[in-house]
Amino acid sequence: MTWHLLKLVWRRKRASGLIMAEIFLSFLVVFVVATLGLYFAGNYRRPLGYDVRGVWRVQIEANANLEDEAVSLEYGRSLDRMLREMRRIDGVEAAAPLRLVPYDGNTWDSTQDLEDGRALSYLVNFAGPGLTDVLGMRLDQGRWFEEADGALAWAPVVVNRSLATEVFGAEDPIGKRLPIKDWDGKEPRVVGVIQDFRKGGELAPTRNYLFQGTRLAESNPVHPKNLLLRVAAGTPAIFEETLIRRLQALEPTWTFETTAVEAMRAASLREQLVPLFVGATIAGFLMFMVALGLTGVLWQNVTQRRQEIGLRRAVGAAATKIHRQILTELMLMTSLSLGLGLVLVLQLPAFDLVAFLGRGVLFGGAATAALLIYILSSLCGWYPSQLSTRIHPVEALHYD
Amino acid sequence: MLRNYLKVAVKVLLRRKFFTFISLVGIALTLLVLMVATAVADHALAPMRPELRSDRMLFISRMVMRGPNSTWSSAAGYAFLDKYIRTLPDVEGVALATEPGTAVGFVDGVKITSMMRRTDGAFWQLMDFEFVEGGPFTADDDREARRVAVINETTRQRYFGRGQALGRELEVENQAFRVVGVVRDVPFSRPVSFSDVWVPIGTARSDGYKREILGNFYGIILAHKRADLRGIQAEVQRRIKEVPIPDPKEYEDLYGGADTPFEWVARNLLSSRDDDSHASWLWGILLVAMLLFMLLPTLNLVNLNLSRILERASEVGVRKAFGASSRTLIGQFIVENVVLTFVGGAVGLILSALVLAALNRSGIIPYSQFDLNLRIFAYAVLLALFFGVLSGVYPAWRMSRLHPAEAIRGGRR
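Heads up: the protein sequence lines correspond to chains A and B, in order.
Quick note on numbering: the first sequence equals residues 1 to 400 in the working numbering.
Quick note on numbering: the second sequence equals residues 1 to 413 in the working numbering.
For reference, chain A alone in the conformation it holds in the complex:
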């Protein structure tokens, strides 16, 4: 039966080909949307690693050349004074320096050769003592940076679970040397492991993450440019003005900008979601259009095949059989185009460009898209095939 129907499809290959091309393209459109949707939904469910409620960021523009040792030293001391000053303000619960703030859109990538020859790629950030209190971060193992770290002869680092597993496997990473090049003659040693720190926010993927301890008492070209503070719930809005005025009093020539990190979160989510929504809406438009078009084409098809169908009815085919024939033909065409689409999509994991999505997401997206297209085409075929069962044999054979 299937073989026979395939022959029918082949007989009308031009018309069938165009319909199949349309279904194929629809599959690709739905696939892109479904894959991105799955990817972001998957990220959203992972632990974020911090909590920005009540957290404010003070961004500092000092116009200082931190490469200059004396300037850098003075800059660090100023930051330290500011942190102390902040903690004295009513309502401030905790304050800490941080180089790159969650949701700020900046990333610092690094790739280092491990001693065993593997390349380790990770995201870097620089933070000081107290950040765990500001951002409500929890350590899986070990400890966070402390004020006393300044006296150490080595460089303390805190890494996330993913980095610890990649480098140390099942071994306990605490106290171990991170097997990469020394930093300014100091060997990096792991003092703590956090579950994760997805700086990009809820929609960002998990990447290897590494915090370097910031020592404000030393000169450093990468001193933080942000101070984070957590404010008690119910602190009046005037607090912000007080904060800026008191910081400005310490450094009259610097510029300070305060932002609620929650506002940055909203802006960052909007920035990522708006294009996705626009894309999904356009894809929705396209699918709506395709559904209407396909219905029309199939309808017209059935009317054109009155004689053929009438003949089948006349020689005894039941209405349900006709119904099934029309639907099966459509499903055959759908399956053929989906098959082509799937073959194409299965090649994707070989491309670096989309490797970040992962096999699971790509295949999940393909499966979802295939399912949706089957549903779409059966919906489109339902009415026209119903129509075909109403064709009366006598009337159909009379048609000239």
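One or more hints might be untrue.
Here are some chain B residues pointing at chain A (derived, C-beta under 8 Å) [unchecked claim]:
#1 F19
#2 I22
#3 G26
#4 T102
#5 V104
#6 G109
#7 R205
#8 G208
#9 L299
#10 L306
#11 S307
#12 R308
Since the hints were derived computationally from the structure, they do not count as laboratory data.
Ideal Cβ placement from N, Cα and C applies to all residues, glycine included.
Fit chain B to the known structure of chain A by using the hints.
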């Protein structure tokens, strides 16, 4: 002849209302998306206030310094623009303005965040701002570092409520400025002129910017006439190569260029790393994106059109039997299809006006005033025509190939 075609077209469209309807929905939605995109692009690129003369303007923004290990890209620096661009011969004017940055002020303890940019006096000569109060500040104000500011209407409302702002004091970033002018809001999509507050460059807290080759400045060049643009671009290019590199250990070469508005967008969007703005790349990308987007709707319409061929087979047969050539028939069917796309395009145009109004209200793009104008209407007509021909050619060709004898009988299966 054409009138007959049109008559037939309308008759055919009215005969099968369901098919006409689904074709129209498809066409209208497709053209809607393209028209909204066109309107947004037009809003950002076409000459309009305050960049009324932008067709004679060149902009210097993103510059790149490159060495064997390091790449540094940012907007141009004051030192470079001051020494190499302000001195350009045979131009009507050169203006400097910083990138907009956030500026915070407080009114009764409530924080107000505005965008602020620092400009020179020439900026106000080159741009055609619409002042509702007062006027611009001058080159003298900039030189003397006078604390004066021009603000937009929204900022006036935020700081001073309904009252006049002229001569009043505005405190932003802990600096006090005297308001000398109020202008109409400038949409965010005009990145060279957009801001809430404009103040003289000289009022910057430190003068570190005066030594920067790369910094946060835009250079704006106004040419006497459009024909001069190419020559000025070449001259800027030549001058960029003369700039001594400030840190020769790290960096070897400086790249950049003076761009037309479209090239400006291309350079920034495609993060150009050399002298070329890659504008032709952007054209290519836009064209391919448009074609890819139109592919599915076109296929849809082709399918619909094809499935209706046989419905009209006897008509085609009769016309062929009476000697109509294939070319005439193809012409007729394309005309019919174009009529259909124009009707769909009209619907799309009305819908896009609604979408644009909704975009303006949503505030996704600050101060946006998207609307449809004659230019966008012309683009819409072109788009509809293109879409109509694209989706009509194949079905028309198939139709014209019907064999007259068979066609009269109702067509070959």
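Okay, the hints, checked on the actual structure:
| no. | hint | result |
| --- | --- | --- |
| 1 | F19 | holds, 6 Å |
| 2 | I22 | holds, 4 Å |
| 3 | G26 | holds, 4 Å |
| 4 | T102 | holds, 6 Å |
| 5 | V104 | holds, 6 Å |
| 6 | G109 | holds, 4 Å |
| 7 | R205 | holds, 5 Å |
| 8 | G208 | holds, 5 Å |
| 9 | L299 | holds, 5 Å |
| 10 | L306 | holds, 6 Å |
| 11 | S307 | holds, 4 Å |
| 12 | R308 | holds, 6 Å |
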